[in-house]
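K.L.:
Residue strings, one per chain:
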Amino acid sequence: SQTIHQWPATLVQPVGSPLSLECTVEGTSNPNLYWYRQAAGRGLQLLFYSVGIGQISSEVPQNLSASRPQDRQFILSSKKLLLSDSGFYLCAWSVGRTDANEKLFFGSGTQLSVL
Amino acid sequence: SQQGEEDPQALSIQEGENATMNCSYKTSINNLQWYRQNSGRGLVHLILIRSNEREKHSGRLRVTLDTSKKSSSLLITASRAADTASYFCWLGDSSYKLIFGSGTRLLVRP
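The listed protein sequences correspond, in order, to chains X and D.
Here the first sequence stands for residues 5 to 119, where the numbers follow my numbering.
Here the second sequence stands for residues 46 to 155, where the numbers follow my numbering.
It should be emphasised that the hints constitute simulated quantities derived from the structure, not laboratory data.
Please note that a few of the clues may not be correct.
In the SDA-like style, the derived pairs of lysine to any residue whose C-alpha atoms are separated by at most 25 angstroms in a straight line are [stated by the list, open to error]:
1) X:Lys83 to X:Glu106
2) X:Lys107 to D:Ser113
3) X:Lys83 to D:Thr65
4) X:Lys84 to X:Ser33
5) D:Lys71 to D:Arg107
6) D:Lys115 to D:Arg86
7) X:Lys107 to D:Arg105
8) D:Lys71 to X:Ser117
9) D:Lys115 to D:Asn97
10) X:Lys107 to D:His102
11) X:Lys107 to D:Lys71
12) X:Lys83 to X:Gly31
13) D:Lys71 to X:Lys84
14) X:Lys107 to D:Ile58
15) X:Lys84 to D:Arg95
16) D:Lys71 to D:Arg86
17) X:Lys83 to X:Lys107
18) D:Lys71 to X:Leu119
19) X:Lys107 to D:Gln59
20) X:Lys107 to D:Gly61
21) X:Lys107 to D:Arg154
22) X:Lys83 to D:Lys71
23) X:Lys107 to D:Ser73
24) X:Lys107 to D:Arg95
25) X:Lys107 to X:Asn67
26) D:Lys71 to X:Leu50
27) X:Lys84 to D:Leu93
28) D:Lys101 to X:Arg76
29) X:Lys84 to X:Glu106
30) X:Lys107 to X:Gly20
31) X:Lys107 to D:Glu60
32) X:Lys107 to D:Glu62
33) X:Lys107 to D:Arg150
34) X:Lys107 to D:Leu93
35) X:Lys107 to D:Asn83
36) X:Lys107 to D:Ser57
37) X:Lys107 to D:Pro155
Predicted, not measured: the structure shown is a model, and the values here were computed from it.
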């Protein structure tokens, strides 16, 4: 069966420090991968999505970047964190095209607090 | 890509009552999905309804889809305290961009 791992679960970082969040998927190949951010009590903002190794699409200009060094690994990074980067970060994956009635599977999330 | 707009933003009901939330959208879709998020957790898929379907059931969940009105509703019958969560709709179209709305926050009072 497929599983998704996202870590760490919580992270407290000072302003200006770097960031690296990792997400890995097991039990499937060539998944579509996504990074979302959720502010407290709000909806989900799509940050990045990837349909293959090295293929990253960014949805919003920001202080963050994403990379997909391996088929089932998706990394969210920042060189210098801002206060506004605080939030709940969620990784997700899906199989194939979204119009093929494939659902999303989410990781358990990372609560990032930038102080 | 597009996103659904959930309505209401917040809903508070007594345990045992039914909860209804709605999702509206603007352009054509291939399918519509509902997800639940418990506080501080990831989203969990609840149910998927295809564009050629009008109604679908899963346990205490009932989803309807009206493509002419471009809207869907999620009904939770005989609600329980454990149903307290945020509920999001997601629209499946030809895009890879998966965008969620702000969701409906449901509170079920014991």
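K.L.:
Which hint numbers does the structure go against, in order from smallest to largest?
P.N.:
Result: hints 1, 3, 4, 6, 8, 12, 13, 14, 15, 16, 17, 18, 19, 20, 21, 22, 25, 27, 28, 29, 30, 31, 32, 36, 37 break, sorted rising.
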